[in-house]
Amino acid sequence: MYNLKQFNGTFKGIIGECLFKFTKKDVIIPKFFNKNKYSLIFGRYFNEAQIRFLIDNWYSIDAIEILFERGRNKIILYEVKTNNYERIEKGFRTKITQSTVDIYNKAKKLGFDVKTAYVLLLDNWNYGVEINEFKAEDFCVDRPKVYDKH
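Be aware that the sequence shown starts at 1, since it is given in the working numbering, and climbs by one per residue.
If you are wondering where the hints come from, they were derived from the structure by calculation, not from laboratory data.
Given the structure is predicted, the values throughout are model-derived calculations rather than measurements.
Don't take every hint at face value.
To be verified - Cross-link-like lysine-lysine pairs, in silico, PhoX-like; alpha carbons within 25 Å at most: (1) 12 <-> 115; (2) 74 <-> 109; (3) 21 <-> 108; (4) 74 <-> 108; (5) 31 <-> 115; (6) 135 <-> 31; (7) 106 <-> 21; (8) 21 <-> 74; (9) 37 <-> 74; (10) 95 <-> 21; (11) 95 <-> 109; (12) 74 <-> 35; (13) 135 <-> 95; (14) 25 <-> 37; (15) 24 <-> 12; (16) 115 <-> 95; (17) 95 <-> 106; (18) 106 <-> 74; (19) 31 <-> 106; (20) 95 <-> 108; (21) 35 <-> 108; (22) 108 <-> 31; (23) 74 <-> 31; (24) 108 <-> 24.
Starting from the given sequences, assemble the full structure and let the hints guide the process.
Here is the structure:
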């Protein structure tokens with residue numbers, strides 16, 4: 001028998017991103033959506049610098065949501081973190097790479113709203129989602145990943 005809560009890293013993260021998608025109908029997960037198709041369908045909602053940023057950082061962004069509020073568009077980028085609930089209760093900070101922090105800080109400067117979505121794995125197949133403003137100080141900066149831009 002395997003226990004999802006004991007897995008580390010990428011696979012648990014992908015599962016968390018998919019669980020997050022189930023809670024937000026307008027979210028797309030870039031790693032599962034072609035960036036050229038996305039820019040054709042949704043490009044009109046972004047300025048030129050924003051669409052270039054998205055294309056350049058497509059696989060580093062965990063989730064994108066466009067909300068249509070009061071005649072204007074609100075574009076939210078999400079960093080999705082999957083955690084065991086017990087780790088959060090004990091006060092452990094979630095790891096993040098400096099490259100990811102830099103990407104989301106640049107996104108803010110380009111006018112994107114950036115949030116962190118914490119997917120909390122509970123018992124008996126339950127999970128919760130908590131969404132906060134993205135703040136680098138909420139994380140523990142980890143060593144670069146193999147695929148990070150140096």
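Is residue 95 close enough to residue 108, meaning Cα to Cα at most 25 Å?
Roughly 20 Å between the alpha carbons, so the hint for residue 95 and residue 108 holds.
Are the Cα positions of residue 31 and residue 115 separated by 25 Å at most?
holds, 18 Å
Taken at face value, is the distance from the CA of residue 115 to the CA of residue 12 at most 25 Å?
At roughly 20 Å apart (the allowed maximum being 25 Å), residue 115 and residue 12 satisfy the hint.
Does the alpha-carbon distance linking residue 106 and residue 74 stay inside the 25 Å limit?
holds, 17 Å
Straight-line Cα separation of residue 74 and residue 35 no greater than 25 Å?
Given that 25 Å is the threshold and the Cα spacing comes to 19 Å, the pair holds.
Check whether the Cα positions of residue 31 and residue 106 lie no farther apart than 25 Å.
Holds. Residue 31 to residue 106 sits at ~20 Å (cutoff 25 Å).
Restraint check for residue 95 with residue 109, where alpha carbons must lie at most 25 Å apart:
Roughly 23 Å between the alpha carbons, so the hint for residue 95 and residue 109 holds.
Agreement of residue 115 and residue 95 with the hint, judged by alpha carbon distance not exceeding 25 Å
This hinted pair holds, its Cα atoms lying about 15 Å apart.
Given the hinted pair residue 37 and residue 74, is their alpha-carbon gap at most 25 Å?
holds, 20 Å
Agreement of residue 108 and residue 31 with the hint, judged by alpha carbon distance not exceeding 25 Å
At roughly 21 Å apart (the allowed maximum being 25 Å), residue 31 and residue 108 satisfy the hint.
Please verify whether residue 74 and residue 109 have alpha carbons no more than 25 Å apart.
holds, 15 Å
Check the hint pairing residue 24 with residue 12 against an upper bound of 25 Å on the C-alpha distance.
At roughly 19 Å apart (the allowed maximum being 25 Å), residue 12 and residue 24 satisfy the hint.
Of the hints listed earlier, there is not a single one the structure fails to meet.
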